[in-house]
Amino acid sequence: MRVSRLMLATLRDTPADAEIASHQLLARGGFIRRVSSGIYAYMPLMWRVLSKVINIVQKEMDEAGALQTLLPQLHPAELWEKSGRWKGYTAGEGIMFHLKDRQNRELGLGPTHEEVATSIIGEQIRSYKQLPINIYQIQTKFRDEIRPRFGLMRSREFIMKDAYSFHASEYDLQDTYYKMDKAYTNIFISCGIKTVKVDADSGSIGGAASQEFMVTADTGEDLILKSPDGNYAANIEKAISKASPPLTLKKQETIEVSTIDQKSIETLCKEQDIDSSQIVKVIVMVAILEEGKDQPLLISIRGDQEVNEVKLFNEITNELNCKILKLSFIKEEQLINQGLAPFPFGFIGPDFSDSALKNAKTWQNKFLRIIDLTAADLQNFVCGANIENKHRFHVNWSINKYPSKTIDIRKAKAGDLCIHDESQVLEECRGIEVGHIFQLGRKYSTSLKASFTNEEGIEESFWMGCYGIGISRLAQAAVEQNHDEKGIIWPISIAPFEVMISIANIQDPIQAALGEKIYKQLIPQGIEALIDDRNERAGVKFKDADLIGIPWRIVVGRDAPSGKIELIERAKAFNEVLDAKAAIKKLIEEISNQKTF
RNA sequence: CGGGGCGUGGCGCAGCUUGGUAGCGCGGGUGCUUUGGGAGCACUAGGUCGCAGGUUCGAAUCCUGUCGCCCCGACCA
Numbered sequence: 054m055r056v057s058r059l060m061l062a063t064l065r066d067t068p069a070d071a072e073i074a075s076h077q078l079l080a081r082g083g084f085i086r087r088v089s090s091g092i093y094a095y096m097p098l099m100w101r102v103l104s105k106v107i108n109i110v111q112k113e114m115d116e117a118g119a120l121q122t123l124l125p126q127l128h129p130a131e132l133w134e135k136s137g138r139w140k141g142y143t144a145g146e147g148i149m150f151h152l153k154d155r156q157n158r159e160l161g162l163g164p165t166h167e168e169v170a171t172s173i174i175g176e177q178i179r180s181y182k183q184l185p186i187n188i189y190q191i192q193t194k195f196r197d198e199i200r201p202r203f204g205l206m207r208s209r210e211f212i213m214k215d216a217y218s219f220h221a222s223e224y225d226l227q228d229t230y231y232k233m234d235k236a237y238t239n240i241f242i243s244c245g246i247k248t249v250k251v252d253a254d255s256g257s258i259g260g261a262a263s264q265e266f267m268v269t270a271d272t273g274e275d276l277i278l279k280s281p282d283g284n285y286a287a288n289i290e291k292a293i294s295k296a297s298p299p300l301t302l303k304k305q306e307t308i309e310v311s312t313i314d315q316k317s318i319e320t321l322c323k324e325q326d327i328d329s330s331q332i333v334k335v336i337v338m339v340a341i342l343e344e345g346k347d348q349p350l351l352i353s354i355r356g357d358q359e360v361n362e363v364k365l366f367n368e369i370t371n372e373l374n375c376k377i378l379k380l381s382f383i384k385e386e387q388l389i390n391q392g393l394a395p396f397p398f399g400f401i402g403p404d405f406s407d408s409a410l411k412n413a414k415t416w417q418n419k420f421l422r423i424i425d426l427t428a429a430d431l432q433n434f435v436c437g438a439n440i441e442n443k444h445r446f447h448v449n450w451s452i453n454k455y456p457s458k459t460i461d462i463r464k465a466k467a468g469d470l471c472i473h474d475e476s477q478v479l480e481e482c483r484g485i486e487v488g489h490i491f492q493l494g495r496k497y498s499t500s501l502k503a504s505f506t507n508e509e510g511i512e513e514s515f516w517m518g519c520y521g522i523g524i525s526r527l528a529q530a531a532v533e534q535n536h537d538e539k540g541i542i543w544p545i546s547i548a549p550f551e552v553m554i555s556i557a558n559i560q561d562p563i564q565a566a567l568g569e570k571i572y573k574q575l576i577p578q579g580i581e582a583l584i585d586d587r588n589e590r591a592g593v594k595f596k597d598a599d600l601i602g603i604p605w606r607i608v609v610g611r612d613a614p615s616g617k618i619e620l621i622e623r624a625k626a627f628n629e630v631l632d633a634k635a636a637i638k639k640l641i642e643e644i645s646n647q648k649t650f
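The letter at position 65 of the first sequence is residue 118 when you use this note's numbering, and the numbering goes up by one with no holes.
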């Protein structure tokens, strides 16, 4: 390909809307163009990158026995109603774009394809003899993100590879899950990016085991906790750890202390000269349910710890056995709307009476009480006295007469000790989620009535797994991980071209001829070469070459009369003057070495 | 959804406070010079100042509305 024919449009200035390096470089290099918020056009260079990622993904998926398909993007609402996700995905902060057709039928634009895949396989597959099946597709997904940002990292329209597997047993599901784990590991290595595999929450997709593949980068939106020995890594949403031991107060009769205006843990500690680990902090929230009366929550946790809302959300969903739209902190205003007396916020204890909820209009009139393990372990602690401006000291759990659930809802943090080995201290880093594998279980097959006949002749729901890779996100994440102050440094396996031939002065017939000759020799060798034949000054060509990040560069310039050129590797300070012939030989060798992993 | 900010040529911005009919840099075109790290000079094209109302003799500028975009927060009292 010739740069003069590439409609290359590089920008000298960074577009104002690009925040992080990868977004800025892709925009400046002319790889992507924003069409609307979170909606991007992939320009020719970008499409070459994406195609390479797609090829790598296809190769590994095919080798793992998965079957490529292409599923519809318009999904009838009824399919999502059957799985119980329509309302959650369309109402409130739901992310599904949805519309009505001319017959007034409701449709959604596919943010993910569990429903469609499950219903199709359910209709198609009859017997255990046909299992397992793993189907996948690579296509555009639509998600109306609350806040699209960072270019392709979180966009509203993006390319995703998603796979859905169907099994006769949980054991067989696990087998495919491990195969996918292996395939994903291969894919990311082939793409030349460094990833960490972490335990993950399965979120609104649902299911049991799930792991994410994270590209480590400081600008990542996810926080990862991992042990230095490499034996444990988890998304903060899922991470577990051992909390540091609390400072204990001595055993003594409970006393009530006046703590005027000492609402926060911080002020309370300062004024009373106590440690935050000696306090039981109480948080009042309300779970907004899809159906029925909303459920107020009374959450107790050790004062120096924070609640992991994802864990909390999951536990409450289990406990109530119904769909929760969101959790929110109870505000004064809501109490007024419910016709309730104000709560003594900042002074609430774990034994706060249910009578506070009596006569609530649309709320349950009993708290669902959750006690975090860290709080449950405390003795002789400090907590609110349930009246304004008063706390109690030296309290024990015998004060709580209400049925309560004691579970781990604590947010793990860097510095905590690991569960698997208490000599290991958790470290944190940031990551960009590029892959996610789930063992779904039978959630979707049950709700969508997708079943097969087992060996005993009995109808049974499929065991299911699902496996995603953000193709477009991966491409940008590769840039985030591989760039310098001059521009992108593409890993060779996903670079839009492998070598750029820069002719320093195109008007010099000797240089032009040598450049063309090298170009014509590389192409038949299967080398993806780009020749910069523009009538530009050398500096412009060098700057552009650095920016768009082609891994290798041949400069044909002042040494052309003697048949010599320069060979430069973008990633290194490497710069070597060679005979054209020797350079071609070396380049072919180097590229073929770099492409085998 | 809440808070903050911005919409002026393809990109980055000034002008707005104090109304008088639009400017700078980059980029584009032509010519000459230059030619190894985003060249110089000259000429040139390109903008209903997001949109709609209003105030005014006159609006990019003031007022109202609206649309779009960006950033922060989705926070433990």
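Derived from the structure by calculation, the hints contain no laboratory data.
Where hints are given, some of them may not hold.
Claimed, not checked - Simulated DEER-style distance windows between Cβ atoms:
(1) Asn507 with Pro577: 28 to 36 Å
(2) Ile511 with Ser89: 48 to 56 Å
(3) Glu223 with Ile92: 35 to 43 Å
(4) Glu159 with Asp70: 27 to 35 Å
(5) Gln177 with Gly345: 52 to 60 Å
(6) Arg58 with His473: 38 to 46 Å
(7) Pro395 with Thr307: 38 to 46 Å
(8) Arg58 with Asp474: 57 to 65 Å
(9) Ala467 with Asp115: 38 to 46 Å
(10) Ser89 with Asn628: 41 to 49 Å
Since this is a predicted model, take the numbers as computed values, not measurements.
Glycine included, each C-beta is placed from N, C-alpha and C at the ideal position.
Query - Verdict for Ala467, Asp115 (Cβ pair) under range 38 to 46 Å - result: holds (40 Å)
Requested in this report: Go ahead and decide if the range 48 to 56 Å is satisfied by the Cβ distance of Ile511 to Ser89.
Outcome: holds (51 Å)
Query raised in the report: Does the hinted range 41 to 49 Å hold for Ser89 and Asn628 at CB?
Result: Since Ser89 and Asn628 have Cβ atoms about 43 Å apart, the given range 41 to 49 Å holds.
Query raised in the report: Does the Cβ-Cβ separation between Gln177 and Gly345 fall within 52 to 60 Å?
Result: For Gly345 against Gln177, whose Cβ atoms are near 37 Å apart, the range 52 to 60 Å is violated.
Query - Range agreement (Cβ of Pro577 with Cβ of Asn507, hint 28 to 36 Å) - result: About 56 Å separates the Cβ atoms of Asn507 and Pro577, which means 28 to 36 Å is violated.
Query - Distance restraint hint 27 to 35 Å, applied to the beta-carbon atoms of Glu159 and Asp70 - result: Holds, since Glu159 and Asp70 (Cβ atoms, about 33 Å apart) stay within the stated range.
Query raised in the report: Taking 57 to 65 Å as the hint, is the beta-carbon distance of Arg58 and Asp474 inside that range?
Result: With a Cβ separation near 59 Å, Arg58 and Asp474 satisfy 57 to 65 Å, so the hint holds.
Query raised in the report: Does the Cβ-Cβ separation between Glu223 and Ile92 fall within 35 to 43 Å?
Result: With Cβ atoms ~40 Å apart, the hint holds.
Report task. Confirm or reject the claim that Pro395 and Thr307 have a C-beta distance inside 38 to 46 Å. Result -> violated (25 Å)
Report task. Indicate whether the distance between the beta carbons of Arg58 and His473 respects the range 38 to 46 Å. Result -> The hinted range 38 to 46 Å is violated for Arg58 and His473, with Cβ atoms some 57 Å apart.
Checked against the numbered hints listed earlier, the structure breaks hints 1, 5, 6, 7; every other hint is satisfied.
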